[in-house]
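Residue numbers (my numbering), protein chains in the order written: chain F, 60 to 429; chain W, 60 to 429.
Treat the hints loosely; a few may be bogus.
Put simply, identical chains are the same to the list, so a pair is met inside one copy or across any two.
What the hints assert, rightly or not - Computed list of lysine to aspartate or glutamate pairs in EDC-like fashion (alpha-carbon distance at most 20 Å, straight line):
(1) Lys272 to Glu126
(2) Lys426 to Asp314
(3) Lys425 to Glu82
(4) Lys426 to Asp298
(5) Lys425 to Asp298
(6) Lys311 to Glu181
(7) Lys311 to Glu179
(8) Lys272 to Glu186
These are computed hints drawn from the structure, not numbers from a lab.
Number of protein chains: 2
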Amino acid sequence: MEIDARGGRVRYRDLASGSEGWESFDTLLVATGALPVCPRVPGSDLDGIHGVCGLQAAVDLRARLDERNVRHAVVVGGGYIGLEMAEALLSRGIRVTLVDRGPEIMTTLDPEMAALLARELEARGAEVRRNEGVEGFEGRDGRVTAVVTAAGAIPCDVVVLGTGVRPNTALAGAAGIPLGVHGAISVDERMRTGVENIFAAGDCADSFHLITKQRVHIALGTVANRHGRVAGITIAGGDAVFPGVVGTAVTKICDLEVARTGLHEREATAAGFDPISTVIASTTHAPYYPGAMPISVKLVAERNGGRLLGGQIVGGTGSAKRIDVLATALYGGFTLPDLVNLDLSYAPPFSNVWDPVQVAARELLKKSTS
Amino acid sequence: MEIDARGGRVRYRDLASGSEGWESFDTLLVATGALPVCPRVPGSDLDGIHGVCGLQAAVDLRARLDERNVRHAVVVGGGYIGLEMAEALLSRGIRVTLVDRGPEIMTTLDPEMAALLARELEARGAEVRRNEGVEGFEGRDGRVTAVVTAAGAIPCDVVVLGTGVRPNTALAGAAGIPLGVHGAISVDERMRTGVENIFAAGDCADSFHLITKQRVHIALGTVANRHGRVAGITIAGGDAVFPGVVGTAVTKICDLEVARTGLHEREATAAGFDPISTVIASTTHAPYYPGAMPISVKLVAERNGGRLLGGQIVGGTGSAKRIDVLATALYGGFTLPDLVNLDLSYAPPFSNVWDPVQVAARELLKKSTS
Chain F
60 MEIDARGGRV RYRDLASGSE GWESFDTLLV ATGALPVCPR VPGSDLDGIH GVCGLQAAVD
120 LRARLDERNV RHAVVVGGGY IGLEMAEALL SRGIRVTLVD RGPEIMTTLD PEMAALLARE
180 LEARGAEVRR NEGVEGFEGR DGRVTAVVTA AGAIPCDVVV LGTGVRPNTA LAGAAGIPLG
240 VHGAISVDER MRTGVENIFA AGDCADSFHL ITKQRVHIAL GTVANRHGRV AGITIAGGDA
300 VFPGVVGTAV TKICDLEVAR TGLHEREATA AGFDPISTVI ASTTHAPYYP GAMPISVKLV
360 AERNGGRLLG GQIVGGTGSA KRIDVLATAL YGGFTLPDLV NLDLSYAPPF SNVWDPVQVA
420 ARELLKKSTS
Chain W
60 MEIDARGGRV RYRDLASGSE GWESFDTLLV ATGALPVCPR VPGSDLDGIH GVCGLQAAVD
120 LRARLDERNV RHAVVVGGGY IGLEMAEALL SRGIRVTLVD RGPEIMTTLD PEMAALLARE
180 LEARGAEVRR NEGVEGFEGR DGRVTAVVTA AGAIPCDVVV LGTGVRPNTA LAGAAGIPLG
240 VHGAISVDER MRTGVENIFA AGDCADSFHL ITKQRVHIAL GTVANRHGRV AGITIAGGDA
300 VFPGVVGTAV TKICDLEVAR TGLHEREATA AGFDPISTVI ASTTHAPYYP GAMPISVKLV
360 AERNGGRLLG GQIVGGTGSA KRIDVLATAL YGGFTLPDLV NLDLSYAPPF SNVWDPVQVA
420 ARELLKKSTS
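Only chain F is shown next, with the shape it has when bound in the complex (with noise of 0.2 Å):
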């Protein structure tokens, strides 16, 4: 593949005949999605590593799980992937050893709010070791039978790897596209990228953050599909336009509900804002009504007007899709006492009368000053 950019044409090549050619355009979207990022350590290429990038690799990954010898399986990184997948390993009866080389897993939450993922998988039997890169694998007639780290090595029989994604721009690059944040292709609100004629749009592009007003890459199918719904309709003539992510994510490990949006307090802190932050505790919906369960709310604010910058939910049933409250007073640009005053729904079955986050604004409240 090749594009010409000036030539307002793409070199191609048919997958089935083999035959390849020059296939010219008059406007361009570059589609080309992300590629998972592998440590580059000694052994990388042992059979029984196993990435989760594509429908291929999941069902590689079920066959050799299937083989039913798989007692105890090492996934690296305690992002997204790796909680989901050592959430996976632990419905089929498989041990699981997490390994993180950072000081807490789930960098995209504020530690507090991490550590009560990785309890949740520690009491469901997985062991989380942090500040553990990986330095290698061993194997033995070629397949893995250890994950080495600078604690030793991990005897398992499995490794599934969790460690992220990048932008797969080596075509829009060489095509002289320009790049930006984290390699990502650079785009508009109109996903239009620095070549006319030229669009991006999904894993490969870039998006504005409404509260750091900086470019960000976040390879998610929502900011995906949002991208794709923008440039379509511009492409066909349609006026359409993208303002921006607040950085929106959920999740569910074992039997929590796990939801971000918004700038944590570390992220906050280096974007040059002064915040101040709280973390409540309450109840899924009226305790006396049955299943309620616990919740965690973390509300980052100003210090100085209150202004939300971001938030973060981890609790029983019906905890995650709280965070969309949250996402969208991010977008409205609202304030704690914005949050205190919206009129959320409450019954028995559903909330509290004041919904946790709501509890969480007002008491953040007390601590900013106007």
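Using the hints provided, position chain W relative to the given structure of chain F.
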């Protein structure tokens, strides 16, 4: 009880000793709540006709049901209380007839959404009778035996009234405190009444509707709590305001979650808007993930410019709390393009890549003119 507003004192009776006296005040908070509305028709004082206002009413009703000879109940009124009572009665194996004087139950929803609830109740075995106002009750030995409507007598062992509430403001009215909409005490955004140093909060007071810009009386715990918070802070010398409500409410009827916020279509027209609307069908989360349920979302917006006016949601587990996104968007004055661009959360256990409220916003956007 008597309020001497000019004299700054209240006449009280000590319920324990029976003694009466006057208590002077610097500041007075009227929080007299609401009273149930009962049909004033022949036979309404018969035994076996139960309201559901206050704990004792529930205790009394349950005691009656525990007598085990209750086979058939008539519920009068198809609002939140009536429908929740119908569910409770059905779950005890009691035959239920729901009688509503209007052409459709649950008038806080548009008819096509309310019809989904009626269908759910009917699927559970309830009979839903519309356009039948209660004209009287028949009894034997002082005990109710039938509810009489224009269509005839409906034999029954017990009657449950869900016929609404009205502000309990006779005391305030007699004291010369100005009353407004539906007889509720008129308050400003700091919960001050028209009489100096007298405040009101809760079901006895009115609220400002952020969309219609009219005063409204909404007797819900969420609103009452916000009233109380602002009144308390203000009386204590602090600074807080209650900007108003958007009319959010939520309930669960059997296996259906029901939610609404803002204006439904008829309310929007009545308020002078030129509304457009759409109803979409989706699933509560990714259909390939276990447990996905149908969800219907109706959105109402201004034809010109697409500002959101209201939303209604009926669906399975995980549906109702999505109304909070719309309530938050209403507070912010968001348009349909804003809704489409919100960075809402997605993971297969929680949502589709486009949350159902955004699917509805995309659909309705096609009908708006900018």
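### Message
Let me make sure I understand: some of the numbered hints might not hold for this structure. Which ones are they, in numerical order?
### Response
1, 2, 3, 8
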